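Asks: Dock chains B and C with the ligands against the given chain A, drawing on the hints supplied.
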Amino acid sequence: MNPVLGVCYYPEHWPEDLWERDAARMSEVGIRYVRIGEFAWSRLEPTPDNLQLDWMIRAVDVLGRHGLKVIIGTPTATPPRWMIDKHPDMLPVDANGHVKGFGSRRHYDFSHLGYRDEAARITRILADALGDHPALGGWQTDNEYGCHGTTYSYSDAARLGFQHWLEEKYGSVETLNKAWGNAFWSMDYNRFDQIGLPNLLVCEPNPIHALDFRRYSSDQVAAFNKVQYDILKARMPDLPVIHNFMSRYAEFDHFDLAKSIDVASWDSYPIGHLAVSDEPDEIKRLYMRQGDPDNAAFHHDLYRSVGHGRWWIMEQQPGPVNWAQFNPDPLPGMARAWAWEAFAHGAEVVSYFRWRQAPFGQEQMHSGLLRPDSEPAPGYHAAAQVSAELQKANFGGDMARGRVAVIYDYQSEWAWEIEQQARGFSHGGHVRAIYSAFRKHGVDIDVLPSTTPSFEGYDIVAIPALLAWTVALRDAVNTFEGHLLVGPRTGSKTENFSIPKGLGPDLPQNLLDAKVTRVDTIPPGLAVTVKGGGASQLWREKVETRAKVVMEDSEDVPVLIAQGKLFYMTSSGDRALVQRVVDYLIAEANLPTLNLPAGVRSRVRGDFRVYVNYGSSPATLNAAADEAGYVVGGPEMEPAGVTVARLATAD
Amino acid sequence: MNPVLGVCYYPEHWPEDLWERDAARMSEVGIRYVRIGEFAWSRLEPTPDNLQLDWMIRAVDVLGRHGLKVIIGTPTATPPRWMIDKHPDMLPVDANGHVKGFGSRRHYDFSHLGYRDEAARITRILADALGDHPALGGWQTDNEYGCHGTTYSYSDAARLGFQHWLEEKYGSVETLNKAWGNAFWSMDYNRFDQIGLPNLLVCEPNPIHALDFRRYSSDQVAAFNKVQYDILKARMPDLPVIHNFMSRYAEFDHFDLAKSIDVASWDSYPIGHLAVSDEPDEIKRLYMRQGDPDNAAFHHDLYRSVGHGRWWIMEQQPGPVNWAQFNPDPLPGMARAWAWEAFAHGAEVVSYFRWRQAPFGQEQMHSGLLRPDSEPAPGYHAAAQVSAELQKANFGGDMARGRVAVIYDYQSEWAWEIEQQARGFSHGGHVRAIYSAFRKHGVDIDVLPSTTPSFEGYDIVAIPALLAWTVALRDAVNTFEGHLLVGPRTGSKTENFSIPKGLGPDLPQNLLDAKVTRVDTIPPGLAVTVKGGGASQLWREKVETRAKVVMEDSEDVPVLIAQGKLFYMTSSGDRALVQRVVDYLIAEANLPTLNLPAGVRSRVRGDFRVYVNYGSSPATLNAAADEAGYVVGGPEMEPAGVTVARLATAD
Amino acid sequence: MNPVLGVCYYPEHWPEDLWERDAARMSEVGIRYVRIGEFAWSRLEPTPDNLQLDWMIRAVDVLGRHGLKVIIGTPTATPPRWMIDKHPDMLPVDANGHVKGFGSRRHYDFSHLGYRDEAARITRILADALGDHPALGGWQTDNEYGCHGTTYSYSDAARLGFQHWLEEKYGSVETLNKAWGNAFWSMDYNRFDQIGLPNLLVCEPNPIHALDFRRYSSDQVAAFNKVQYDILKARMPDLPVIHNFMSRYAEFDHFDLAKSIDVASWDSYPIGHLAVSDEPDEIKRLYMRQGDPDNAAFHHDLYRSVGHGRWWIMEQQPGPVNWAQFNPDPLPGMARAWAWEAFAHGAEVVSYFRWRQAPFGQEQMHSGLLRPDSEPAPGYHAAAQVSAELQKANFGGDMARGRVAVIYDYQSEWAWEIEQQARGFSHGGHVRAIYSAFRKHGVDIDVLPSTTPSFEGYDIVAIPALLAWTVALRDAVNTFEGHLLVGPRTGSKTENFSIPKGLGPDLPQNLLDAKVTRVDTIPPGLAVTVKGGGASQLWREKVETRAKVVMEDSEDVPVLIAQGKLFYMTSSGDRALVQRVVDYLIAEANLPTLNLPAGVRSRVRGDFRVYVNYGSSPATLNAAADEAGYVVGGPEMEPAGVTVARLATAD
Ligand SMILES: [Zn+2]
Ligand SMILES: [Zn+2]
Ligand SMILES: [Zn+2]
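Residue numbers (the UniProt record's numbering), protein chains in the order written: chain A, 1 to 651; chain B, 1 to 651; chain C, 1 to 651.
Chain A with its partners taken away, still in its complex shape:
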């Protein structure tokens, strides 16, 4: 099936007599999927056991009559107020020990088993009531797990759950004491029930204590989701179960949770995400009305991997949002360009959030495809244009394996937050810097988990800043015949968050004869320049090695070393250094590239190559040898412009 558009809709916010007209207009725009229901619990069950499902069935009827497929969200992200009367201890507790109350959303604790049962109950009720509806297109579980920092709760329920989880993992408290190195600072435990959560301590916790709590918390999110998934799959095995992830919330392992979803989706708000990101101010100014040109793309590739190859955008920013400190209007055309970028990366559906701007509640300043007065907002016209273009170009096709892959690992994300050592060093930042450096050359990239057992088929694989080797990844590295780029900190810890006996990067000597003997962390303003260009900043390792030194800094410290096709980068570089290293790898691996104008990016899907101009100025494409003309736009690109080329191989 070729990709299509969707939209998020809240029939419970509007008079029923508006529904028909809304559905008709959705259909006119070319929308094919409508997500509903994910915040509607108080209208589905206004008081305990008083179920009011009729209105939802009628809403699905109306939408179905207009040829729309409906995705129903389980409403578990917003339990109604009476649920708190029933389970007063289901509320989450923050790191300061303060209970978070009712009155916004996500007011539940993943560790609370009573609420997990309630979530199962309402899921079962919805499955029973709507599972057979002909307009049903699938399910969404809950909404944006982890949003607003809700992965972690410091409640009694979490403490008891964590103790039990530790007992399951370690078997005996002696084993735990040894694995955690509790001889340090007299932290030995006598019994599992003595182990507290790693908050409100005098100073920082043992890093493995913190990491195990993050692992535990991640497991609870997965377990919470699995309960719903199992119910929905048992009832309707053929309908996809989806969750809508948020890109910024990496507190739980999305690959792990994805064992209980069929299709991944994510909620893409490029402008807000840039505003709250760690990107330098210069980038924030340059792309204030476009969003970062690589960040959404990275997440498209990530969630394609999370979703076992299948993924959607469940919420696509249509105009200004309401939740950043400043919420700029996107450049005219961006609502179209963002959709095209997603489709280029393999999205099956891009669903705009939301159909009509709500005049009340927390998000009343969040735009929609319609204004609050039901007149079309700019996003409405963008959606109509995308629909028409998709159809005219007959756009679609499968995603080929990229020639480059980057490992993204949630546990490493947590680990380097726990043990900063250099403020601002982050696993994700390092991954995205390498991703960007490849993408600027028009290279298509896959994002892989740390459980990947083989790199066969890739020309280059990057492992940017991995906490600890997995058995799978050791195998993948051992058997890989392409070029491997290993980044700083990689392999510098065991899975128990301690330094490996042979020191990092902990690779066999035949692959890389090198030991990291000392770490030098320095503020960005005191970066050490690298001979030939670029600089090391934040993280800088000193290695004892017999490998070849490819690059070194002004103090003769090796920055890039090589043994055969394995390259190890010892520092976190500025953008210039990362680009130099990636360019070097591309040259070594003889990888084909495109010559893209500044601000322009590209991605191949099936027989198409999609170009998007993120710059604020027009750009002119250099025609690539493998292209046979344009099906959308042409070589002259306006700001926010989209050009789709047909590949010659297609003929």
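Quick caveat, the hints were computed from the structure, so don't treat them as lab data.
Among these hints, one or two may not hold up.
A pair holds if it fits inside one copy or across any two, identical chains being indistinguishable in the list.
Claimed, not checked - Derived DSS-like pairs: lysine-lysine, alpha-carbon spacing no greater than 27 Å straight-line:
| id | residue 1 | residue 2 |
| --- | --- | --- |
| 1 | Lys178 | Lys86 |
| 2 | Lys226 | Lys169 |
| 3 | Lys169 | Lys259 |
| 4 | Lys233 | Lys69 |
| 5 | Lys284 | Lys440 |
| 6 | Lys284 | Lys542 |
| 7 | Lys548 | Lys501 |
None of these values were measured; they are calculated from a predicted model.
Replies: Chains B and C with the ligands in isolation, oriented as in the chain A frame:
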């Protein structure tokens, strides 16, 4: 009566044998009013029901013998320690749920009815004991309501009070659910007793939830004050009851509270207020030793309006204070100039805080008219000079209606704090920017509440950033024949904090045919320049309109539109843009202005025009056509200089 | 005995079969002292009363066999987890009222008497088991009192203890009310049990309330230490009892605690301390890999004074640490240079922290002399070099009295934190600025407490920013015949934190006829230049005086005044002004100085002068007239270089 000086005095801080000499010296300086008592409860009632009023009566006797009139402050801002034993739950609770203890001041919860009774009791006792005293000049209720963030308390008392207030307001929970839009995020309630306070939530509360809590809290402050007012008026109908407001604490509606006062007063600390303000660093440096040239003036005009035309300065900064991060010594002469500015705006009394610098307690670094060793501080000489000048010039007279009015609305202040959308956009900031731009032209301005039913008599009225139209204000606008300047966000919400059906600014088409269809909020560093000068920053609206476009920005977005004499400004401009818009309005309305040197400001009272030079350099006045010579100073003004001209109309 | 090296060692972290080899290598490097045990409680007493002391005795045996002397740390900084089951209320409470839990270190409340008994019990057990061991070289009590902000606890135990302490101090609540000035803001108490801790108030507490709480808390630390000291001295009167202070934690009075230690020691981490200091960014960049050239030296002189002339470095930074935001690798050679600087200031032992980098726990990124894989880290070679040099030079000798002394007073440190008035003004900052200005001239300085009864023997004494005169210090000043530099704020308060009757600096007229009549505090960016160079910033006093004006600022405000040999500085100057004032004093006092190259510092011990080059460039020494050649290095100094000259007087 011509205006006079006052001073704040704490007899309980000093040996009784000092009182006589103090009173004599006050009288010598020309002081006529002395405020006492507002923190003396522990000395008036050292243990429960053990009343010790004699010393206060003796103090009033001494002051009276020297011709001084005494204002007695009810001591309710500082209940004694034993009161907490009696009412342990009267302590306020902060937004994190922490109880705030005894040991400073304002340690009570406005929602606590038991303490409200205690406040009534001590008020009654003081009224009985001192109501007939011939030296009594009036009463002050409590002290600086709202100071230190005390308007809001998140206690059980507040929660129960809020629930009751909501029940009174909405009648049924169904009505509340509908008014609040609780379908959004499943926030419906089944009973009023389920509604919590809008603190400690997972993410932000529903804006109407937050706004109603602010309304409730404001009502409690007014109710607390009314209890004291009613007692004092019943006993002594002819003596004025005053409260001393603080300019920076807008958390309760001062207009609303003022229904229970006869005279408004405020505590003016120009240097500290500038230090803690949002003014740009450049202004803070320029006026570090003077205070902002327009901020105190704005508050003078505001409190004249709050006080039904009658107002005082109850506390006037006499020298360095103690509570900002840096506490600079004022420019020599400022303690005199500030008093003159206040008198120019209609102050009946300017009362310096305090007579003698305290050597102990929290404010020991706060200067007084006397040093701690009883020698004169610079403020002493300033006070003596002001007294002499007032008398010599026979200064006084009523305040004529200004030709310009600006609407200042407390609910809008709260609303735009609740829903920022652009960090740094504030109602008050916008109001003061417009006020300043008029004042730089020597224009006299009135500040009006949003309940003003008619603008008759004004040439220009500005409604800078109003949350929602009131019935009164709609009438005023409808019947106004002058020039009206309506600012961004005005009318963009209903009173229930939702977007009006017809979108903002929600004016009848015959007055302004315009709809705000989109809002673009941007950091100050990325301001969009306006053709002809100035720039839009923070808040920028896109309108659908048939009105005339007077100014537009570099992207052709209308910035100032006009329909007849109604002007709508779509953005929050930088100072240059606001000045251009105001200049344009002044020209359109043909308003007479003065040509003031930089740093100099003026105000007319009765037959006098008072000039103050806030600059750090001397300035030369351009004589105005309506002046007939000077009664204080002359055309050459030193820094901190004061010149008072006599108007020709006086003859 | 000549000074020697030591090292910190954790036998409980390593397999027992490593101990022998470790001890042998320590001995080879020239190490003579080994500190062990201070975090080992959970291994000494794994469950209540189950004592396992054998391993520690075996460890001491092994170390002793290799000629090493052992310092045993009492493990009271890290009570084991079961202790919390026994005394749940022993956990400390932070200023927000949150209990701090188990899982890091220092998780106890100094006010908890039950835990004080447990600390006595384990101390007694260790004394009994190891007191006779021939390898025992002394004791360390606890570890780094006050680290992580643990001097203050806001628990019930602290509240009750504080009430009792106040009762002891003041006798009656009336006396306290008067001493505290509680008439201010109605803060009078009726009974001691009504007095709370000065946290969680509506606004700031009465400064004397805050200061008395700090005094009380300081007393608890001293009392906690004394319990251990008394036990250890009773058992082994000849062995030194030491505590290892941290330079940055001045929340308790180190002079006061030192009544219960024989030798002071401190933990010196020059790079981390610079990173977390208030030094300007320029200094932080310049000395990022060296540490501030004067800060460690200041603390060496301070702790020599605290330790009654005897002091050690118990923990010396050997390489990168783990606890600052950035943790740079020291300049090659700094681990040697830091040790030499300490020895130059009289250290008996410099003990590196730690022998081998731990692969687990909170400090796994903290380097040691060995890497985690037991190979030598750079610190290992540095230690070996220092050992060899000490021996070859036969370095040692007593510390002569310096010609300059500076008063450092803990209570003043607290006072100016409590009453800032100018953000960034600190007692310690002022002391160190003056110390630095002398040291740049090669002047040797002593640091004295405010209880010093005589300045006899000094040429110049500085009292930089003293809260209140003590009887002793008044005597010292009265009888002093040298030059005295008194800094701003000095004597501006009584011991009850109120302004003295005669105003500051509160000196007799025959010594200094001057009164501070007004204080002007201003941001650094608005400093007022001083005629002749430098500027006043932050704190600026206006004085009424008949003394001679030596320096004045551009507004003719006196900056340095003199009456005979007593100089009073009225402002806190920038570095240039402080240097000018110190240079002026040096010239007046005719004090001999050295001409040191930039970045180089010197210190005399016995017959040696030690030079250290803190600069990043080589430097050439100007030979001093009193030197008779070099025993380590020579006149050409590399970065991090050390040169030791032999004084001619030695012959
Ligand atoms: Zn979210
Ligand atoms: Zn809290
Ligand atoms: Zn106040």
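Asks: None of the hints should be skipped; say for each whether it holds.
Replies: Hints and how they fare:
1. Within a single copy, Lys178 and Lys86 get their C-alpha atoms only as close as 42 Å, which misses the 27 Å cut-off; across copies the closest is 24 Å, which meets it.
2. For the homomeric pair Lys226 and Lys169, the shortest alpha-carbon distance inside one copy (20 Å) is at most 27 Å, but the shortest distance between copies (44 Å) is not.
3. Taking CA atoms no more than 27 Å apart as the test, Lys169 paired with Lys259 passes inside one copy only; the shortest distance there is 20 Å, against 50 Å between copies.
4. Only within a single protomer do Lys233 and Lys69 lie at most 27 Å apart by alpha-carbon distance; the minimum there is 18 Å, versus 70 Å between protomers.
5. Taking CA atoms no more than 27 Å apart as the test, Lys284 paired with Lys440 passes inside one copy only; the shortest distance there is 18 Å, against 37 Å between copies.
6. Within a single copy, Lys284 and Lys542 get their C-alpha atoms only as close as 33 Å, which misses the 27 Å cut-off; across copies the closest is 23 Å, which meets it.
7. In this assembly of identical chains, Lys548 and Lys501 lie within 27 Å of each other by CA distance solely inside one copy; the values are 24 Å within and 70 Å between copies.
Going down the numbered hints, you'll see the structure goes against none, and every one checks out.
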